[in-house]
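Protein chains in written order, with my numbering: chain A, 1 to 637; chain B, 1001 to 1325; chain C, 2001 to 2325.
Since the hints were made in silico from the structure, they are not lab data. All values reported here derive from a predicted model rather than from experimental measurement.
16 Å max Cα-Cα, derived EDC-like pairs, lysine to aspartate or glutamate:
(1) A/K490 / B/D1076
(2) A/K519 / A/D563
(3) B/K1204 / B/D1224
(4) A/K396 / A/D597
(5) C/K2054 / A/E213
(6) A/K396 / A/D439
Restraint ranges, calculated between C-beta atoms of paired labels, are given here:
(7) B/L1043 / C/Y2066: 51 to 59 Å
(8) A/N438 / C/I2171: 50 to 58 Å
(9) A/G444 / C/L2026: 43 to 51 Å
(10) A/G339 / C/A2189: 19 to 27 Å
(11) B/P1176 / A/P436: 41 to 49 Å
Computed footprint of chain A on chain C, listed as stretches where at least three residues anywhere in the stretch have a Cβ under 8 Å from a Cβ of chain A:
(12) 2046-2056
(13) 2168-2182
Built from N, CA and C at the ideal position, the CB exists for glycine as well.
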Amino acid sequence: MSVRNLQRRDEVGASRGVAKWMSILAFAAMAIVACGSGTSTPSSGAAQGNDLFNPSNFNTANISWLSANQNASGSPVMGGTLQIEGSTDLSAAADPQAEYETIGFTLERAYTRQLLSYPASTNLTKAETAVPDAAASMPTVSADGLTYTFTLRPGLMWNTNPPRAVTSRDFKRGVLRNCDPTLAPNGNPGYYIATIAGFRAFCTAFEAANPGESPAARAATINNANVSGIQTPNDTTIVFTLTQPATDFNNIIALPFASAAPAEYLTYTPLAPGNILYSDGPYAITTYNVGHQIILTRNASWAQSTDPLRHQYVNEIDVKVDLAGSAAATQVQQDLSAGTADLEWNTNVPPADIRGLESPSWSRQLGVFPAPGTTNPYLVFNVQSPNSSGALGNIKVRQALEYAIDKVAINKIYGGASLNEPLNQVIAPGAEGYVPFNDYPTSGNQGDPAKCKSLLKAAGYPNGITLKDYYRNSGNHPAVFQEVQSDFAKCGVTVVGTPIATGYYGSSGIGVTTPNGLKAGHWDITEPGWVPDWFGPTNGRATLPDIFDGALSFPGSDWGGYDNPAVDALVAQAESATTISAAAALWHQADLQVMKDAPFIPFETSLTPLFRSARVHNAVFIPFSEYYDITQVWLSA
Amino acid sequence: MTLSAVDVARPPAPSEEPAVKGIEGRTPLQLVVARLRTDRVALASVVVILLIVALAIAAPLIAAITGHGPSQTNVDSGTDANGQPLPPGTAGYLLGTDNLGRDILVRIAFGARISLLVGVLATAIATIVGVVVGLFAGYFGGWLDTLLARLMDVVLSFPYVLFAIVLVSVFGSSLPLTILVIAFFSFAAIGRIVRGQALSQREKEYVEASHSLGAGNLRIMFVDILPNLVAPVIVLATLLIPAAIIFEATLSFLGLGVQPPTPSWGNMLSDAEGVGFQAWWFYIFPMLFLLATTLAFNLLGDAVRDALDPRTERLFAGRRKNKPA
Amino acid sequence: MIRFLIRRVMLGLITLWVIITLVFVLYYARPGVDPARELAGRAVTPALLANINKEYGFDQPVIVQYWHYLERLVPIPGHFNLGTSNTNRLPVTTIIAQAAPVDISLAAGAAILWTVLGISVGVLAARRPRSLLDRGATVFVLTGVSMPVFILGLLLLYVLYYQLTIHGFAIFPKPGSWTPITTNPLEWAHDLILPWITVALVVAATYSRLTRSSLLETLGEDYIRTARAKGLSERRVVYRHALRSSLTPIVTQFGIDLAGVLGGAIVTESIFGLPGLGLAVVQAIQVQNLPVVIGIVLVAAFFVVAANIIVDALYAVLDPRVRVS
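Just chain A, with the same shape it has in the complex (with noise of 0.2 Å):
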């Protein structure tokens, strides 16, 4: 039901476009120390290779590279500013109830509070478990698995002038806020919709509304809203009432769109720039000049006693975000080298510079983490398509291409095999009901020509076909078309290539603007890529139906418009199943019948490579914002 913005973890390296020269700066920096500090075994552990991808070694002792780069040791120090640097501003003004990317789930750690959140550890099993945040404990939950009940901590207050108590209305109005025709569009209500009783009805009505009306409008449609599955009886309580019940909901109350929302938020049209945002964290943004610069300060009405998951050691947070597209990548890489920047922001290690970050001397610096249950990128077929007489939609046709890919390419295009694993089924490791098996075998996963080629003659196409293909025209997505095409090639299939612009992946004439745009085959292939929402033993359902359920083909992100009733019927029973391993175990079958109907090509599941500046402390990765925690930072005196 939902996708994250793989805006960041999706440029991996190599991006398009002009000045990505300054790889040359940045790695013969690194290349002269790496070259003077001789051989070595990478200390990171990717050596360790499959591992890492095998959820049951994260918790492992011997795996020490999740904490290598964590530089804990030694007290807190208070003070300093943090420079986070990158190349994309937030694209919904952070606004907690419309902010869809990674990077801006990271910088709402710092100024949002959820009824419940991910505590920042070096243990992936802690760090995917949602804990009490804004909430005194973890809910209460009635015998039906129906009612969650939750009661609010004392002391959390607002930064408004004086500070006001944070209220459970204020938790009301964030949820009920989502649902706003300005802001729906950018976050995801779908969540609330299918999990909270009474909230479509409103939230179907909410989003129809005028998007040109007054705030006063909107705050009549919020202040006057009955929804039956969110009631608070008093101050410090909420208590959601469910549909049916659902494994998740606390993961789905945890994601920052059910952050709190003050009464204030409703005295203004949304994402306007300027308008002020409020902060019931350790920090609140003082400043946004839009397109160039977030800073972030102290919040003096936050105290440390009311959070167990935040920290407020920096006394700024400064967030630049306006360097040259292409080169940022590399141009953040060597600021960080040189310490003149500590955090990267959107860009992750140039695949490039990655070896010589592999050295002893860098190697502290340098994380390699996961984000299980990753799928990036995949070949989607448009099964609707009429082009080579309607093969597409022809199962055999489908069956014979999943052995045309030469995966273990597409892993050295992202980097190599030590942050790449090819992937053969809709469910990566690390996410729910993922239970390894692969109906397409090839010889270590680089494809099998023969087999693809004979099976496309027995699927009535001796002959071959031709595909279209629409690729981003940014980052490793001209080099995975090309390999694709390669790997076609060989199995008789032509790809003909059309370019389209990065911007969001949705438009561009991948996402149909209708019902029935597929049919008019503009592309028969494409290669999105897919990040869950959250990780966990509890995350099926962020990856799976979005891709794969058919009612949400159009305009969702089911982008090749693949509907099996059959799959739809499991995916229902995995979200109302009341265990997680009845869950899992749903899961695991939609998964099965997926691969079954081949609608699409998995290529692999990676680790995302981050680097810090020395002078970083405290480095915990959360996979929740696919990053550093920046609340739990501080940095040397």
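Start from chain A and add chains B and C according to the hints.
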């Protein structure tokens, strides 16, 4: 035997020529060629251009000899463990590999095809269109001239790199579009000059004479006036070729020109960015070939211009006078 | 003169209108692309798409949107409105106002540099034709004209920035450095040195060639011979008499070149990470942010058109014949 008029008009046979040998007249073309022949730089450029052309023509042959195609990716054996390119001198790869394991030498050879094709074709189209537009504008004058001249002014006012980006982002990048875009933004330069020349030429007496002989407008434009413009047009065209090549390289470098996997020197440089310093061969070689080509064409164009321009004769004369007797 | 100017201004306005219309048409001509989809997040539903369409006016007929856009361009204070950016709702005028100082700085410094460099090299070459100096100048010219700006920029960065820096001479700043002149003039200039050189070298090459040929031509005129015969020093002849009249083509070219840089030097800005109009428009094109695209295209075109008008006016002042035509 009666003498026919033809017999009478027949020029004397060589044996009938007077014994005194006079100075032989040379056609303008012969003069130009003679001048060019003495210009060593021009000769060198011609040689370089011919070599590049040969490289382009031989591209499939090179691919066959090395066994590497220009577009077939070869990530598994053509890159190292981290997916980075292999250096020149690696077995079978004279100039090394690129980020997808492809042979750089082969890609450069095929890239030469693109550069030359785009350069020459875009220039040809721009020249033809420019000449026609300029002739019509200059010769007819009046409202047609106003319309066409203003059109050329408008085109010259376009922020052209910007517009090229918009056009390509709308229609998608492709080889034909790249050629058309470059031609579109270049024709006005030629058109303007031709128009100016046509404006001045149409006042000349030979045009008047042609008129009175009953020649039609088209005939006067293309048969009488045009030959007088050949010199400046040729110079402009020769100088336009490297500009077109540079334009294509820039577009491809920005990701807006020739689309992958077709190799173009510009998009090879763009691919090289991501790998940068570590794979210096990936950007140095395409850069060298690109510079060599554009430099050669520019040198040739300059030489042709010098050769065609009678005024520089004085300078030639100066030089010859200084030579030892 | 007035009538002449009025005609030029009218032509300029028409040019701007044509350009805007073209961008508009191209933007909407792209098949299968939906600007609302571009703005929507991932979990969008048909109802939400309809919402965005309503909010941004995308659901209105194209012609209506076009008209809205045009009528807001009437330059009456308070009415003039370039719209707001689709991505962050900032007024386009704000975005342009923030980015323009970069291009103005780039243009100003580069213009001084290329004028001084170009003309001096050209003059020196013309004074001693065929000498070593002239040869050197020719090499300079040809290199500049043969080299795409992006290659020159990257080479400068590699050699002057990277190589020097890793050897301990961190003289030049890293790309992405930009300091407004109001903050620190020295730092401002320091950050712009390499970009200035990149922009200026290529243009200077063209200018020196132009100066040289123009000056040579003038030096061959009769009145110059007279001046020499009168006994004036060669210096006075060249600088006082010849240079002045041979600078006319330079003036023309200067206006156009300056306007070109003012409107956004896309390649240079990308390479050096300068947050100017060029970079802004490229990013806007990628995310189909039409208001920003049109806004910046308008600014760029305006500069070019204005420059053309000014240059034509100057020409008319210098050469009365032009006014009549």
